[in-house]
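Engineer: These protein sequence lines map, in sequence, to chains A and B. If you're matching positions, the first sequence starts at 1 in our numbering and goes up one per residue. If you're matching positions, the second sequence starts at 1001 in our numbering and goes up one per residue.
It is possible that some hints are incorrect.
Unchecked claim - Taking CB as the label site, the calculated pair distances span:
| id | chain 1 | residue 1 | chain 2 | residue 2 | range |
| --- | --- | --- | --- | --- | --- |
| 1 | B | Gly1215 | A | Glu211 | 30 to 40 Å |
| 2 | A | Ala182 | B | Gly1215 | 14 to 24 Å |
| 3 | B | Glu1029 | A | Gln138 | 49 to 59 Å |
| 4 | B | Leu1130 | A | Ala136 | 39 to 49 Å |
| 5 | B | Asp1159 | A | Ala254 | 28 to 38 Å |
| 6 | B | Glu1029 | A | Leu140 | 46 to 56 Å |
| 7 | B | Asp1159 | A | His186 | 35 to 45 Å |
| 8 | A | Leu230 | B | Leu1130 | 24 to 34 Å |
| 9 | A | Ala254 | B | Leu1130 | 19 to 29 Å |
| 10 | A | Ala139 | B | Thr1132 | 50 to 60 Å |
| 11 | B | Leu1130 | A | Asp282 | 44 to 54 Å |
| 12 | B | Thr1132 | A | Ala136 | 53 to 63 Å |
| 13 | B | Asn1012 | A | Pro276 | 38 to 48 Å |
Think of the hints as simulated: they come from the structure by calculation, not from any bench. As the structure is a prediction and not an experimental result, all values here were calculated from the model. Glycine included, C-beta positions come from ideal geometry on N, C-alpha and C.
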Amino acid sequence: MTTTAPAPAPPALLHGVGDRALAWLDANRDHFRLTEADRARGDALMERLKPIGELAINMRMLSREGVAGGRQRERATSLLDFAWRELLDGGNVLAKLQQDEPFSPVPLEIYAVFHELGHRHPGLEAALRAPRATRAWQALEMVPNRRLGVLNAERRMGLEPSGDFAETLATTVLGRQPEPWAVQLHIAYDITHTVFHLTNWGEQPEGIPEELARYLELYLPAWAADWAELEHWDLLGELFIVDACLPRAALDGALWERYAAAQSPTGAMPVCGPMPEGDPSDVFDLVHHPTLVSAFASAMATSRALSGGGA
Amino acid sequence: MTEQAQGAAALNAVIADAASGIALALRGEGDPYALTRTLPQEDALSPAAVRVLGADALAPYALDGGRGADGAGSADAAMVRQALTAFPPGDDPAAVSTWSYRGLVEATRALLPAHAAQLPPAPDPADDWLDTEPWPRLSHRVSQLASLALPGLAGALTDRLSGRTEDLARGFVRAVRRRDWQQAAGLGRWLARLPQTPPSLGLDSGLRFVQQMSGDPRAAVHLTAARTFFGRGR
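Produce the complete structure using the sequences and hints provided.
Structural biologist: Structure below.
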């Protein structure tokens, strides 16, 4: 490593982004609710469940010991309870979806988060057994990083994974170490998601094989600088999460300052460029993902900064 | 267009023409090289163009077996001397212009030794920034010194840069992403010369990619130099 590493961001800056994001998520929690129309249509339901799954994954990360501060953890835990009890009706929504589409991995992927938190829906677990024992389940076609996500979900639930983790990793774009200058938007997302599954959403940074960690340490600064310049806050936030998982996290102060400055005073983070305006529920649809990511990135980076993890 | 802008456009056109001629010569195509054939001696813009091109004005002389045209050395050296006299280095010892001035003097001494007698002394450019600049600024400046990446030239600079290889690799990645082909080509040329360029960078396919995407003649000089002198990007 050179002596010219960027100055790391101060913990207060890192922490503030997440604090504001959580306040916004809390204040906007009702926008995550499924409508009767959502529930009636299977395909739409699948789409509408995505934000809930993202909420759950991000909040579980924040509810972990030692990652977020006390108030943040309280908020995250309360949002998780809200998601399980009210948004998913104690898991019934997932069980119904599983009934309708027995070979969809979506209910499993979302349920795994709540299972880890101690929530149980025995009916759903029982209904997953037969489909999971088929060749069809193992053969479901999906992009390799999504497959890693399914394997990770199975692992988290203590189930026998339906495929080989290392073999699947080797087929992801990150596993093949693409030329770093070729990493355009969707490739970058494939890379960040692969890291999320390898580390169980930041919980086990050591899950990134050493060679890939080295690759990421080498090139992630170039990607982060580029996407910051393009003001793509959603991807930049995901790259910050990956950075915080690396053995020598950069926690680049100048980039974090730009990121924090992009956040709206209410705590929402735009996907790209300035905050969108308009009907609150439309705005919610546009910004809930980058805002969840910012809460996650902030907690990961703060935790790294406080444990002296910066480069 | 203002008078100044017209002047700049005219100079850029002359530089682009010369760069095309240099790239051609580096590929071993066309007539044997002479700077004075590539840039008309009577053109008032020629000295400025030589000064901007720096050591690359003489790059084809560095080819194995020399591709210089018979008897061209004396006139070429005279043209270089004229450029060095007309455009001395500025006051900033760290400036790109000071480095490229030095590069042009060094290149003339190395490549046209029989005609290097009356050259002005080479300035000693400031080099502390090579250790202190963060990678984005370092990369930008180093890419502007790409003409110094010639065999037998700027050995000390090359040694210093090899300590920043990974930072320059990051700069290459960012330059390609930003579609800044000239910066990408300049950095790629240095990375082709440096011994420790990480294989994960994919430099060879990167250089080919930049070649395909960029139509810029000066980028073409860098890419051809990387291929011809350092065997990368073939």
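Engineer: Give a verdict on every hint.
Structural biologist: Here is how each hint holds up against the structure:
no., hint, verdict
1, B:Gly1215 <-> A:Glu211: 30 to 40 Å, "holds, 37 Å"
2, A:Ala182 <-> B:Gly1215: 14 to 24 Å, "holds, 20 Å"
3, B:Glu1029 <-> A:Gln138: 49 to 59 Å, "holds, 57 Å"
4, B:Leu1130 <-> A:Ala136: 39 to 49 Å, "violated, 59 Å"
5, B:Asp1159 <-> A:Ala254: 28 to 38 Å, "holds, 30 Å"
6, B:Glu1029 <-> A:Leu140: 46 to 56 Å, "holds, 55 Å"
7, B:Asp1159 <-> A:His186: 35 to 45 Å, "holds, 40 Å"
8, A:Leu230 <-> B:Leu1130: 24 to 34 Å, "holds, 29 Å"
9, A:Ala254 <-> B:Leu1130: 19 to 29 Å, "holds, 21 Å"
10, A:Ala139 <-> B:Thr1132: 50 to 60 Å, "holds, 55 Å"
11, B:Leu1130 <-> A:Asp282: 44 to 54 Å, "holds, 51 Å"
12, B:Thr1132 <-> A:Ala136: 53 to 63 Å, "holds, 59 Å"
13, B:Asn1012 <-> A:Pro276: 38 to 48 Å, "holds, 41 Å"
In summary, the one numbered hint that this structure violates is 4.
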